[in-house]
Amino acid sequence: MTFLDFEEARAMARRRLPRGIFEYIDRGTEAETALARGRAALDDVTLVQRVLTGTPPDPTVSLFGRQLPLPLIMAPTAFAGLVRHRGDIGLAKAARAAGIPFSVATEAVVAVEDVAREAGGDLWFQLYMWEGRENWQRLLDRARDCGIDTLFFTVDTPVFPKKVFNIRNGFGLPMKFGWRNMADVATHPRWTADVLGRSLLQGGLPRFAHYPPAARRSVLGRGGVSLSHKPGLSWDDAKAVRDYWPGKLVLKGIMHPDDALCAQKTGADGIVVSSHGARNFDSTVAPITMLPAIRKAVGPDFPLLADSGVRTGADVLKLMLAGADVVLLGRAMLYALAADGERGAANMIAIIAEELAQAKAFSPVRLQ
Numbered sequence: 001m002t003f004l005d006f007e008e009a010r011a012m013a014r015r016r017l018p019r020g021i022f023e024y025i026d027r028g029t030e031a032e033t034a035l036a037r038g039r040a041a042l043d044d045v046t047l048v049q050r051v052l053t054g055t056p057p058d059p060t061v062s063l064f065g066r067q068l069p070l071p072l073i074m075a076p077t078a079f080a081g082l083v084r085h086r087g088d089i090g091l092a093k094a095a096r097a098a099g100i101p102f103s104v105a106t107e108a109v110v111a112v113e114d115v116a117r118e119a120g121g122d123l124w125f126q127l128y129m130w131e132g133r134e135n136w137q138r139l140l141d142r143a144r145d146c147g148i149d150t151l152f153f154t155v156d157t158p159v160f161p162k163k164v165f166n167i168r169n170g171f172g173l174p175m176k177f178g179w180r181n182m183a184d185v186a187t188h189p190r191w192t193a194d195v196l197g198r199s200l201l202q203g204g205l206p207r208f209a210h211y212p213p214a215a216r217r218s219v220l221g222r223g224g225v226s227l228s229h230k231p232g233l234s235w236d237d238a239k240a241v242r243d244y245w246p247g248k249l250v251l252k253g254i255m256h257p258d259d260a261l262c263a264q265k266t267g268a269d270g271i272v273v274s275s276h277g278a279r280n281f282d283s284t285v286a287p288i289t290m291l292p293a294i295r296k297a298v299g300p301d302f303p304l305l306a307d308s309g310v311r312t313g314a315d316v317l318k319l320m321l322a323g324a325d326v327v328l329l330g331r332a333m334l335y336a337l338a339a340d341g342e343r344g345a346a347n348m349i350a351i352i353a354e355e356l357a358q359a360k361a362f363s364p365v366r367l368q
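Each residue of the sequence shown is one higher than the one before, counting from 1 in my numbering.
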């Protein structure tokens, strides 16, 4: 039996995944006030029902020359391959079937070449900038060689956030196994057989597939030299990516109108208004509260995407009414993948699409 909504998918994921893996996906940072604040901000938005309005608005949207059947994109999520064996491919196949883009993450354990070959579809790529210009440029070359023409450049993680629960359970990146999480893994045999067992049979523990060969460590941090994210990112770094990347560039993690204007001046083709799922900065504001001011700053035609905390189709509509053109789905897709693999991912897209259509039918505001 599959799930009927977000909460059922989350509950199924909680049962299937080791606690440490589930908490890495599910939780925020520090006291997790940003997580609660983001959810409350979406819940506090109410929509007035209208009647006798005729046919609800068409769900299709145009973005970067693409006509999308739904205003949805699968967000880049590093943990898909640790939720299910080669989980990125299952997500990408579900996205392709729904006609929406799938974003391949820098920190994925499934290589972009494998996703392109086995799943295809409208693939985007997400960049964390490493130290050493040649390292990240080579990675972008790999993405471009796979036919990818749209890049997310994540700019909202100047330092790694403090996640005490991950320190305690050993399920950060890289993972650190001790007696506590060994017991956690042992009590989840389906996950262990699928993710660890199948990987070991195919040559070893999952590895970060996009790192240069000399730095391609396993998820336990073994087997390669250290390669760090570039510290102290500046607008010069955004300009360097803009100058090197020939396709569409979207800066991910913008939360202030002035930064949105800087992104425009740097040559970005769009931005994602995002709190990183409330996983980085516990004092941050909710993205939906910043969208109207950012939309006003950048004007009506500049592509605005948004994410963080989306659970339902009504959440998607609320973000769009606040100024977003398209919404990214992150945690929802990982829960769905954990619950029922590729079929679960397809089911989650269908559920959110149906909920969005229902919300528009009750409150059919035409989006500008």
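Check each hint, because a few of them may be wrong.
Taking CB as the label site, the calculated pair distances span [as the list claims (entries may be wrong)]: (1) E354 to G120: 23 to 29 angstroms; (2) R144 to G203: 23 to 29 angstroms; (3) Q67 to S283: 37 to 43 angstroms; (4) P69 to E134: 17 to 23 angstroms; (5) R180 to L201: 41 to 47 angstroms; (6) A11 to R96: 54 to 60 angstroms.
Cross-link-like lysine to aspartate or glutamate pairs, in silico, DMTMM-like; alpha carbons within 20 angstroms at most [as the list claims (entries may be wrong)]: (7) K162 to D282; (8) K265 to D237; (9) K239 to D325; (10) K265 to D301; (11) K239 to D149; (12) K248 to D269; (13) K248 to E354; (14) K230 to E32; (15) K248 to D156; (16) K176 to E23; (17) K265 to D243; (18) K239 to E131; (19) K163 to D282; (20) K248 to E118; (21) K265 to D236; (22) K296 to E342; (23) K162 to E32; (24) K176 to D243.
What the hints contain is simulated information worked out from the structure, not anything from laboratory work.
Every residue, glycine too, gets a C-beta built ideally from N, C-alpha and C.
Hint-by-hint comparison with the structure:
1. E354 to G120: 23 to 29 angstroms: Because 25 angstroms falls inside the window, the suggested range holds.
2. R144 to G203: 23 to 29 angstroms: Distance hint for R144, G203 holds at roughly 27 angstroms.
3. Q67 to S283: 37 to 43 angstroms: holds (39 angstroms)
4. P69 to E134: 17 to 23 angstroms: violated (39 angstroms)
5. R180 to L201: 41 to 47 angstroms: violated (26 angstroms)
6. A11 to R96: 54 to 60 angstroms: For A11 and R96 the Cβ distance comes to about 27 angstroms; the hint is violated.
7. K162 to D282: With a Cα-Cα distance of about 10 angstroms, the restraint between K162 and D282 holds, given a limit of 20 angstroms.
8. K265 to D237: This hinted pair holds, its Cα atoms lying about 13 angstroms apart.
9. K239 to D325: violated (24 angstroms)
10. K265 to D301: Distance of about 15 angstroms is within 20 angstroms: holds.
11. K239 to D149: OK: K239 and D149 at ~17 angstroms, within 20 angstroms.
12. K248 to D269: Judged against 20 angstroms, a Cα distance of about 6 angstroms means the pair holds.
13. K248 to E354: violated (30 angstroms)
14. K230 to E32: Roughly 26 angstroms separates the two Cα atoms, so the pair is violated.
15. K248 to D156: Holds. K248 to D156 sits at ~19 angstroms (cutoff 20 angstroms).
16. K176 to E23: Holds, at about 15 angstroms.
17. K265 to D243: holds (13 angstroms)
18. K239 to E131: Judged against 20 angstroms, a Cα distance of about 16 angstroms means the pair holds.
19. K163 to D282: Distance of about 10 angstroms is within 20 angstroms: holds.
20. K248 to E118: Judged against 20 angstroms, a Cα distance of about 24 angstroms means the pair is violated.
21. K265 to D236: Given pair K265, D236 holds - Cα atoms ~12 angstroms apart, limit 20 angstroms.
22. K296 to E342: Answer violated: K296 to E342 is near 39 angstroms, above 20 angstroms.
23. K162 to E32: holds (11 angstroms)
24. K176 to D243: Given that 20 angstroms is the threshold and the Cα spacing comes to 38 angstroms, the pair is violated.
The structure does not agree with the numbered hints 4, 5, 6, 9, 13, 14, 20, 22, 24 stated previously, though it agrees with the rest.
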